[in-house]
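**Q** Chain X is already provided as a structure; the job is to place chain D on it using the hints.
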Amino acid sequence: MFDILRKSLAAGIVTEAGPTATPGLARCVGRGRPEIDFANWKDARPAVAACPTGALACVDRGGIRTVRLDLGKCTFCGLCAEADASVRMTHACELTAMRREDLKVTAKYELGPDGTHRKLLAPPRSTLDSQVSSLDALGTKLKERLDKVLGRSLHIREVDAGSCNGCEVEIVGLNSPVYDIERFGIHFVASPRHADMLLVTGPVSRNMELALRKTYDATPAPRLVVAVGACGCSGGIFGANYASLGGVDKVIPVDVYIPGCPPNPHALLHGILTAIGRLPGKA
Amino acid sequence: MNILPGLQPIVADLTDRFGRRIEGVFPVRPDEIYFHTAMELVPGFCAQLCRKWNARLVSLFADDARKPDGVFHLYYVLALDAAHGFFILRVPVPPEQPWFTSLTNALPAVNWQEREIQDLFGLRLEGHPNPRRCALHDDWPEVYPLRKDFDLKTVFPPFKGERHKFRKVEGEGVFQVPVGPVHAGIIEPGHFLFSVAGEPVLYLQIRLFYTHKGTEKLFENIPVTHGVCLAESISGDSSFAHATAFCHAVERAASVEVPPRARAVRTVCLELERLYNHIADIGAIATDVAFVVANAHAMRLKEQVLRLNEQLTGNRLLRGMAALGGVRFNWDAGQINLLSRFLSELRPQFDSLVEMVQESSSTRDRLETTGILKPGIACDLGVTGIAGRASGCDHDLRRDFPHAAYDQVKFNVPGYREGDVLRRMQVRIDEVREALAIIGQLVDKFPEGPIRVKVPALAPGTVALGYVEGWRGEIFHWIRAAENNRLARCKVKDPSLQNWPAMSEAILGNIIPDFPVINKSFNLSYSGTDR
Numbered sequence: 001m002f003d004i005l006r007k008s009l010a011a012g013i014v015t016e017a018g019p020t021a022t023p024g025l026a027r028c029v030g031r032g033r034p035e036i037d038f039a040n041w042k043d044a045r046p047a048v049a050a051c052p053t054g055a056l057a058c059v060d061r062g063g064i065r066t067v068r069l070d071l072g073k074c075t076f077c078g079l080c081a082e083a084d085a086s087v088r089m090t091h092a093c094e095l096t097a098m099r100r101e102d103l104k105v106t107a108k109y110e111l112g113p114d115g116t117h118r119k120l121l122a123p124p125r126s127t128l129d130s131q132v133s134s135l136d137a138l139g140t141k142l143k144e145r146l147d148k149v150l151g152r153s154l155h156i157r158e159v160d161a162g163s164c165n166g167c168e169v170e171i172v173g174l175n176s177p178v179y180d181i182e183r184f185g186i187h188f189v190a191s192p193r194h195a196d197m198l199l200v201t202g203p204v205s206r207n208m209e210l211a212l213r214k215t216y217d218a219t220p221a222p223r224l225v226v227a228v229g230a231c232g233c234s235g236g237i238f239g240a241n242y243a244s245l246g247g248v249d250k251v252i253p254v255d256v257y258i259p260g261c262p263p264n265p266h267a268l269l270h271g272i273l274t275a276i277g278r279l280p281g282k283a
Numbered sequence: 284m285n286i287l288p289g290l291q292p293i294v295a296d297l298t299d300r301f302g303r304r305i306e307g308v309f310p311v312r313p314d315e316i317y318f319h320t321a322m323e324l325v326p327g328f329c330a331q332l333c334r335k336w337n338a339r340l341v342s343l344f345a346d347d348a349r350k351p352d353g354v355f356h357l358y359y360v361l362a363l364d365a366a367h368g369f370f371i372l373r374v375p376v377p378p379e380q381p382w383f384t385s386l387t388n389a390l391p392a393v394n395w396q397e398r399e400i401q402d403l404f405g406l407r408l409e410g411h412p413n414p415r416r417c418a419l420h421d422d423w424p425e426v427y428p429l430r431k432d433f434d435l436k437t438v439f440p441p442f443k444g445e446r447h448k449f450r451k452v453e454g455e456g457v458f459q460v461p462v463g464p465v466h467a468g469i470i471e472p473g474h475f476l477f478s479v480a481g482e483p484v485l486y487l488q489i490r491l492f493y494t495h496k497g498t499e500k501l502f503e504n505i506p507v508t509h510g511v512c513l514a515e516s517i518s519g520d521s522s523f524a525h526a527t528a529f530c531h532a533v534e535r536a537a538s539v540e541v542p543p544r545a546r547a548v549r550t551v552c553l554e555l556e557r558l559y560n561h562i563a564d565i566g567a568i569a570t571d572v573a574f575v576v577a578n579a580h581a582m583r584l585k586e587q588v589l590r591l592n593e594q595l596t597g598n599r600l601l602r603g604m605a606a607l608g609g610v611r612f613n614w615d616a617g618q619i620n621l622l623s624r625f626l627s628e629l630r631p632q633f634d635s636l637v638e639m640v641q642e643s644s645s646t647r648d649r650l651e652t653t654g655i656l657k658p659g660i661a662c663d664l665g666v667t668g669i670a671g672r673a674s675g676c677d678h679d680l681r682r683d684f685p686h687a688a689y690d691q692v693k694f695n696v697p698g699y700r701e702g703d704v705l706r707r708m709q710v711r712i713d714e715v716r717e718a719l720a721i722i723g724q725l726v727d728k729f730p731e732g733p734i735r736v737k738v739p740a741l742a743p744g745t746v747a748l749g750y751v752e753g754w755r756g757e758i759f760h761w762i763r764a765a766e767n768n769r770l771a772r773c774k775v776k777d778p779s780l781q782n783w784p785a786m787s788e789a790i791l792g793n794i795i796p797d798f799p800v801i802n803k804s805f806n807l808s809y810s811g812t813d814r
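Chains X and D supply the protein sequences, listed in that same order.
Read in order, the letters of the first sequence correspond to residues 1 to 283 in our numbering.
Read in order, the letters of the second sequence correspond to residues 284 to 814 in our numbering.
None of these hints come from the bench; they were simulated from the model.
Quantities reported herein were computed from a predicted structural model and do not represent experimental measurements.
Be aware that a few hints might be false.
For lysine-lysine, the following DSSO-like pairs were computed, each having C-alpha atoms within a straight-line distance of at most 27 angstroms [said to hold, decoys possible]:
hint	chain 1	residue 1	chain 2	residue 2
1	X	214	D	436
2	D	443	X	250
3	D	451	X	214
4	X	250	D	436
5	D	728	D	693
6	D	350	D	443
Listed next, with one range per pair, are the computed distances between beta-carbon atoms [said to hold, decoys possible]:
hint	chain 1	residue 1	chain 2	residue 2	range
7	D	621	X	10	20 to 28 angstroms
8	X	42	D	488	53 to 61 angstroms
9	X	42	D	441	42 to 50 angstroms
10	D	295	X	214	57 to 65 angstroms
11	X	101	D	506	23 to 31 angstroms
12	X	42	D	426	42 to 50 angstroms
13	D	787	X	1	32 to 40 angstroms
From the three backbone atoms N, C-alpha and C, an ideal C-beta is built for every residue, glycine too.
Same shape as in the complex, but just chain X (with noise of 0.2 angstroms):
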């Protein structure tokens, strides 16, 4: 018993109170989301044929290009940036959406009769913003909002309906001592009928289907539900087919998506918060 006592005080607290406060863990080294030079973008073609989820896309119509970025089916795997310079990998990656449209980036170009970019007609426009925040201002404001939303508490019901378990594995770790989500009054429950919030991941398998509906009627009103990953968000490399129907919203209504392959539990955090902000008449 002292001895677990003693080990637990020598591995100190290990709960991260925000990026300033632990020198040397930044908060994402890793890729996020692209970004693309828009103004000076030579050629779509290549990079849309390197992306494997078909978040890139293009259409070419009368001598006009339109080019669509869609953050709710993109992974980060880079590709595209390392087929195309005028991409970058960068590190944000908290990138919630309250609609799925807002995830989409779309930009027209003039073609050249070598099917190269001659003239950016309609600049891209995004309404999303990848707010950088600490965890502990995050979480802070987080609590402000559940004490007048839900009396100080969130119940989340995890829901897997169809994912391929990234998502599950940083699910899991918002519950480790590094990110303790429990401390700001949130608890991930046993049963949907304990719950006000749904984390849903997965492209919703047709298996699945049924499953998901039954669990979304057995949560007790006002509830929540949030598209986890860039399956949950849009059938992510699944798509939608035989087996996959390509997207939480097929099946039931989505308050907020949370992008990712899979998400890391600061993005995942950060899609929590906006939830809350969405009850209705409140807040």
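**A** Same frame as chain X, but now just chain D:
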């Protein structure tokens, strides 16, 4: 083409015994020999190989080859661990007689794989003890998704077919407890039906494939290069292992040799994947017997590995690192230093965690003799990986079929025969220590040179078997190339598919409250099984 010297006597024995009934022997690679033959030879052929030469049937799958060859093909993949080679039996099934003979009664290891073929290809099983649907649930219409005339994008109207009929277990005081597919914890979906009398479990029925999302069909519809990304999403906690097994298959098909530095990087990444999963599992097993402090420490260590992964590959789950012909990102001296420093920091922390778990007598009391999988049953079911090594199945592709840079390092394969939860945890503890030693050996003499070579377009019709010992067990990817550098078939075999039936055996006689810890000690992938 030559054949590995160790395999030659076995080939000679088979040709002696079966003579002209074997239509052809094709050594596609020195360690990958194809035998073309007819269905009626299969039972005898497998029996001879398994009994006399100690072979294991590691994979069974079908391929719709009606376009080039006018028939479906069944492939029976047998591993000869001692001789370091694979014998693959190819059997035609004519479309006008779409049925095949079940081997399940003789080789229970193929039970689910045979039923999956029946569901996805519409080839009827003859003589199977339980030929019910598995991959497509009972309410699905009569469709065969892996046939070539079925379109990936087929959209079904809402269907309402039959409900699954579970087997009845009756008797005085017997009742049934259904669990899932949505579980209490943050885990994947599956349905378990326990039949209990009082506390002990009499019978467990497992129903899976809730996460079936058409992955194998999808492989046939995308360029080979995108297949690497799809392979990363087969089982999220084995992203790198699956992607590397896929790359391995493509590289073998293209006869490409991966440069030494890339092999070393692959080995390190495979071991990092093993590290974070094993550490998390040790913590989760502790949680399931209410020792949550140990889990807090395990989660802390797991987070450290995930952050190291991010520094080394740009992704916490090692995604985006695997590439055809090598790996995508090179490591500079700083990153290799980081790796080596990390090893020396993790080792004492891990030792401290292990001490904490092992010195707790109440924890040991809950784990020892819980969920025993007997070696005989494990062997019959072809159990692989951690669960196999805890139950006397001494197989490890890293040792017997060295891939990546496993031929460059020394390591031990742990083995126990007791087959309980404690031993499955002990295998993990041993393997974490071996993983640290393996990475340590590589860091000391990290090879220089290129990290990637170009992989040419695959010649249509080429077949190849790729494999990797993932943290859970052996992963196989088998491909057949089509025109324009696409795939006509990609068969994915996750170790979980092999191990799930063993769970039904290990739970017998245990109490339902011990099921979570038994389940965790196997920690099988649902998505890898269902695809």
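**Q** Name the hints, by number, that the structure is in violation of.
**A** Checked against the structure, the only hint that fails is number 6, while the rest are satisfied.
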